[in-house]
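As you go down the protein sequences, you meet chains A and B in turn. Using our numbering, the letters of the first sequence correspond one by one to residues 8 to 275. Using our numbering, the letters of the second sequence correspond one by one to residues 8 to 275.
One should not assume that every hint holds.
All copies of an identical chain are treated as equivalent in the list; a pair is satisfied when it fits inside any one copy or across any two copies.
Claimed, not checked - Mimicking PhoX-like on lysine-lysine, the simulated pairs with C-alpha atoms at most 25 Å apart in a straight line are: (1) 12 to 184; (2) 180 to 100; (3) 35 to 196; (4) 185 to 107; (5) 199 to 270; (6) 185 to 19; (7) 100 to 37; (8) 196 to 9; (9) 185 to 240; (10) 196 to 259; (11) 35 to 199; (12) 33 to 185.
It is worth saying that the hints were derived from the structure and are not from the lab.
2 protein chains.
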Amino acid sequence: MKSFKPYCIGAKRSLGDINPADTYFKLKNKQAELQRLEELAVELDGLQNILYAEHQRKVLLVLQGLDTSGKDGTIRWVFSRTSPLGVRVAAFKAPSEIEKARDFLWRCHMVVPGTGELAVWNRSHYEDVLVPVVEGWIDAAETQRRYAHINNFERLLVETGTTVIKCMLHISKEEQKKRLQDRLDDPDKHWKFSIGDLHTRSQWDDYQRAYAAMLQATSTSHAPWYVIPADNKRHRNLMIAQLLNSRLRAMKLQMPSADPALKDVVID
Amino acid sequence: MKSFKPYCIGAKRSLGDINPADTYFKLKNKQAELQRLEELAVELDGLQNILYAEHQRKVLLVLQGLDTSGKDGTIRWVFSRTSPLGVRVAAFKAPSEIEKARDFLWRCHMVVPGTGELAVWNRSHYEDVLVPVVEGWIDAAETQRRYAHINNFERLLVETGTTVIKCMLHISKEEQKKRLQDRLDDPDKHWKFSIGDLHTRSQWDDYQRAYAAMLQATSTSHAPWYVIPADNKRHRNLMIAQLLNSRLRAMKLQMPSADPALKDVVID
C-alpha cells in the first residue's frame, strides 16, 4: 500500500508543499478506480459493523475544505455501502445564537461519536480558526489560544478511545472556478450555489494562509492532518477511503467474545 | 402497486388480524426480490437526495418491534444505498438518568428530523407505552394519558412539515425462538444476544396485548400504524422499502428552483 506520509502535515511539510492536482493514489483507469472504490466501500461497511458490535471505541473523521472542495461528495462515495446504523454525519454551519452563547467547542462536543460509532464532521471546530481569522474578528493571540484549546480537546477524545482522522480537501483556485460555474450552469446544482461563496472566494489567498497556519499548529502526533489533493474527485475519494480503512484496520477490531453464561441458555 | 391497506391499523383492523408469516409483497423468487430491493434502495437514495436539496420538509420512519423482529436488519437493507448525509438513525434504549428526569417525549423531541432530513427511530417513544404497561409500572389511566400525549406530539410533527411513517415489525413466537437460537449458535451474533431478551420473551402474551392496544390507540389519520409481517426477512424489507418510497414519491419532492439573481453571476 502507498504511504500517506507525503500528505501528512508536520515539521517538514506544509500546505504549500502539496499540489491540489496530485494523483498519487490514482489507478490505471477509471474502471479500476471505480472498482477499487466499491471494494473499499464494502470493506468499510464490514469494519464499521465490527466497530459497532465491539462497542468499545469510537472513530471521528473530520472533513475540512473550501466551498466545492468535495466534502459532501466524499461522504456520498466513501460511505456508499455503509449502514446508517453506526455512522453519523454532523454538518457545521454558521453558529446559531445558542451556539454563539457558548464556547466554540461546545457544539462539537455535543456530537462526538459514542462507543461503536463512526462520526463524520462536515466542516468542524476548525471553522473557528479560519473564518474569524480571515475576517479579522480575532487577533493572533486569540487564534493561538484556540489552537491550544483544539489540541487539548482532541487529546481528550483520543485518550478516551477515539481515533481521530483529519482530512483537508485541497483544491486549486482554477478548479473551484470550474465547480462554481458548474453549479450555476446545472439547474440540479443551483441549490448548492450560494452568493456568499463568492465573498469567500474573493479572499482566496487569505484562506490559504489561514489554512496553512492552522494545519501547522494543529497537526499533532495524536491527531495529524492529512492534506488530500482534491482537484480530481476520484483521486480524492480513493485517497480518503484508503486512509480511513487503513486506520480502521490498524485498530484490530474484534467481534466481542461471548458471555460464558450463554452456553447454558435454553430458549423456551 | 399493491395496497398497504390490509396492514394499516384502524377501526376495522387490529394486530390480531395480521399473520406474521404473511408474504403478500413477495415476488416470484429470491433473485427477483433482491433485484427489486436494490432498485428500491437506489430510488430511495435519489428521493432522499431531493428531500435534502429541497430543505423544506422532514421524514420520520418509526420502527417498533420485539427483540429479533429485524429493526437493525431493516435499516441495513432499506438504507443500503442511501448517503448518511441526510439520514439519521436514533436508537432508543432504556432511558438514562438524565432522560428519566424529564417527560418521556423529551429525548424523542431532541432527535426529530430537521428540514431535508430523514430520521429513522430504532425503537421510539412507543417503548414508554409497552415496557411500563407489561411490567405494571403505570396504570390504565396513565397509559391513556400517554397515548394522548403521543398523538398530540405526532400531530405537532405532522403539522410542521414531517411525514411520519410508523411500522411495527410483527414476528411470531416460533420465529423469535429460531432467531434467538441463531444468535446463541453463531459466534458473530453473540453480541446481539442479551439475557434480558429472555425475560421479555417470557411475557410474550402480555407484549402482544400491549402492542395491540397501543396500535389501536395511536394509529391516527395523520400518523397511521402499519403492521409488517416480519417472519420472512426479505418480505419485511420489501414491504417497508415499498411503503417508505411510496410515501416519499407522494410528497412530490422537487429540486429547489434557482435564485433569479444567479443568472447575472460571474465567477472571477
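Hints the structure fails to honour
1, 3, 4, 6, 7, 8 and 11
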